[in-house]
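Residue numbers (the working numbering), protein chains in the order written: chain A, 1 to 312; chain B, 313 to 937.
Hints in this document: simulated from the structure, not taken from any laboratory.
As the structure is a prediction and not an experimental result, all values here were calculated from the model.
Each residue gets a CB set at the ideal place from its N, CA and C atoms; glycine is no exception.
Please note that a few of the clues may not be correct.
As the list claims (entries may be wrong) - Computed from the model, here is a short list of chain A residues facing chain B with C-beta under 7 Å:
| hint | residue |
| --- | --- |
| 1 | L91 |
| 2 | E284 |
| 3 | D300 |
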Amino acid sequence: MSSAVVTPPQPGQPLTKKALVADHPTWCPGCGDFAVLASFYRVLEKLQYPHEKIVTFAGIGCSSRFPYFVNTHGGHFIHGRALPFAAGISLGNDDLHVFVFGGDGDGFSIGGNHLTHTARKNIRITYVIMDNSVYGLTKKQTSPTSPVGFKSKTDPTGAVDQPINPMRTLLNSGATFVARSHATQVNHMTDMMLRAARHDGFSVVEILSECVEFFEGAFDAANPRKGGNWVVIEEKKNDGSPEDAKRHDVTDEVAAFKLASLAWPGAFGVFYENKSRKTKNALEADLITRARERTKGASDLAVLQATFAKLR
Amino acid sequence: MVSPNSPETPGGAAAAPRATRPIKDVVIRLAGNSQDGIQAVGGFLARLAGRSEQDVMTYMTIPSTISGGPSIFQVRMGTGDILSAGDRADMLVAFYQHSYDAHIGSLRPGGVLLYDSDHVKPAEGDHRFTAVACPITTGTVEAVGGTAKDKGKNIFVLGLIARIFDLDVEKLSALIKERFGGKHEDVVRNALLAFDAGYAWPQNNLRDLFYRFEAIEEAVARTGHPQITLDGNSAVAYGLIAAGVRHGAGYPITPWSSIMEILRSELPKYGGIFVQCEDEIASISTALGFSYTGGVAITGSAGPGLSLKMEALSWATMAEMPLIVVNVQRGGPSTGMPTNVEQSDLMQAIWGSHGDTPRVVLAPKNVEDCFYITMEAVRIAKEYSTPVIILTDQALSSRIEAFDEPDLAKIMVDPKVDRSERPADFKPYPLDRLTQHAPAGTKMASGRYPTVTGLEHDEHGHPTGSPKLHQQMNAKRREKIKALAATLPAPELSGDSAGEVLLVTWGSNWGPAREALARVRAAGVKAGHMHLRHVHPLPNGLEQTFSRYHKIVVAELNDEGVYGFGQFTTMLRARYAMPNIVSVCKTDGLTFKVSEIVAGISRHVESTELEATLGVARQSALAQR
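The shape of chain A in the complex, shown without the other chains:
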């Protein structure tokens, strides 16, 4: 398994799931994360990026084991800090396609500050949050998205703290692509991840992914097979039809906030998309271009020699 040599796709041959699978996932049977992984293989098959240019990174948690199960460049960092690490990857080599996977603890609790700042800087990264509303790897403690009343080992009589609203948090941070999906809706989930990957900027997809071991039925309210209500956001088509007026304009931030404020389980789909804001990748490239115009493209050696001459 770990030592098996995978046949690399020959030049001109498409990148398929066969070349993308790695270690067998260690998740519990029935975990929602399996479906996310399967969808991600489909996303990569559709995108057809050069294999070596794909990077899969994660922090700590059940979902953060993800990079071991995908055969791409990647790694497993520390709890909550995958985003700033990924920022270094994205800014360090602009050719790469950087995907970060994590859970609700990683993203909204220990890494909350990083989420805010990566979003406001609009660094070109696709971030998939597999939200199970519980700490699974440490065996059932309250998470930042656990609902009030949820009984866990740290709240045996039921959680008392108000949970985070992920969509509102992301919108408020200035993320330029914000979407939400459900691990039981494979086609929808694939579509959301695909659009996030194609977005030029910081794109986030929150996927409700059930932990069958510690929070069974957490997302049944949005699962029609469990009697729930699956509400998909209808996006504006700008076709002038009367029904189009009622559809959601993904560029309208205020409308996105209203959608994000719907009662549980809320709506699914693209809440917000801003294609006009420049990425930090582009802004830093501009700084380099301007600096090099001033130095007239002098060599590194010549630039430092000129600096030292001024220090004489």
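Assemble chain B onto chain A, guided by the hints.
The following block gives chain B in isolation, referenced to the frame of chain A:
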């Protein structure tokens, strides 16, 4: 009025010749408020010394308040090797009464007190010093006129000093023009007016007190290189660039911030990026992400920030990711004394964090070394695929020194990243050789892509719970640091190669220790001095050197601790199990004075004689048993 800048009366030629006294070096302390621009005067003097092939060293304190407050700048310049900023000043320039009150004690008896008679009233009947009353404020206002008020006092004082010490007026004027050149032409004109007024004042008001540095020609012959003059933080920043570092991330904290400021504005010229992050943890994480794309990236901080970076630093050890962490030490713990010097982060640099994390820790000895040790750190980080910590300190960070301009054409490193396809047998964590990662973006001939990870892993980077593999990988991470130790050169050893006492220092104590050694030996004590730049791992073979001396006295700027030994001393005692390794410690927030080290040694030398007596007592005790 004599004006050195006016063509009618060039130089001091119009002046009647005065008796000048030759001097080897001089320590001038300027004491005023931080908004008076005394740092600028210190900077001019330092740069002038550098351009005149004189040796120079400065020392400054900046208040940690937001604006204003007392501030000093001490400059020592001369024609020999200048190793420390000087214990006591030969000349004190006091701008205010509080400057006089606070610093008169630092002036040596017989020294010159030059004070602003508009603000300062010195103690009556104090004949220890030669007091010179100069109306610095009114002199400046008269010279500059207009609305500038007393702005320019600093340049007036520069003129005074230039005349008294016969400094090169042409070079100083050029420096003033360079410094203010980007501003309005009035600014340059006013500065030169203030300078001329200051320069003229001694001519008409002082009978003697004129000096000249001796044997400058000899100093020129010594080097033959142009000198550059800069502070330690700048030297680190340019050392990183010369070593090929093109990416970094940081968060502002005193006294590290100026390194990130320089890198933020300089790196784009080299196609690089420096990111200001939301916090210390994000900074090291982003820097590690940069390193993962192929170069060696840099992050840095001061003590509190280094503590925050610890978890990620251990990841770097586990994942074997190259990284440079610059830690500019300041007074701790906690916010402590943020604008003062201390060497109290040694233990956290070497041992801080969870798990077994063998690290590399280097400490520069002076400003020039800030440049070269940084280049060495990058080489080590790359070759051994490991984080390297550079422990500098507040004194080095702001001190200005002149040194030979590095031969960049010879030493500059190409930052090119190797993204060539890796062969089919590539392993990210081979047990039989050093790790060299395949940067993200590299094609893998095997079709199998590597994972970098903080979980214990096998050679391919896959997680493992195997006790055997954990031991093997721990050994691998340890042995590579031991392999590095075997390549380290023997540390600098000066003075007697055997004798009563070996003075041991690390970091910025090198200069005062060198002077202290000279004094101790002049007093008839057989003594040597060993200075360590590689503080972890230690170079091999130190025990042989140590065994040639009765006492090993380690001078370091940290507390003697619960057991009576400083941090480096504690480590040396643990490493060599030699009870004659002792400490001279202090934590007053200032660099060592030469006299403090000498006094510290003399305490232990006295106990050397005691040791002989104790030795006899012990032998008889053994005989009785």
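Taking the hints in turn, this is what the structure says about them:
no., hint, result
1, L91, "holds (5 Å)"
2, E284, "holds (5 Å)"
3, D300, "holds (5 Å)"
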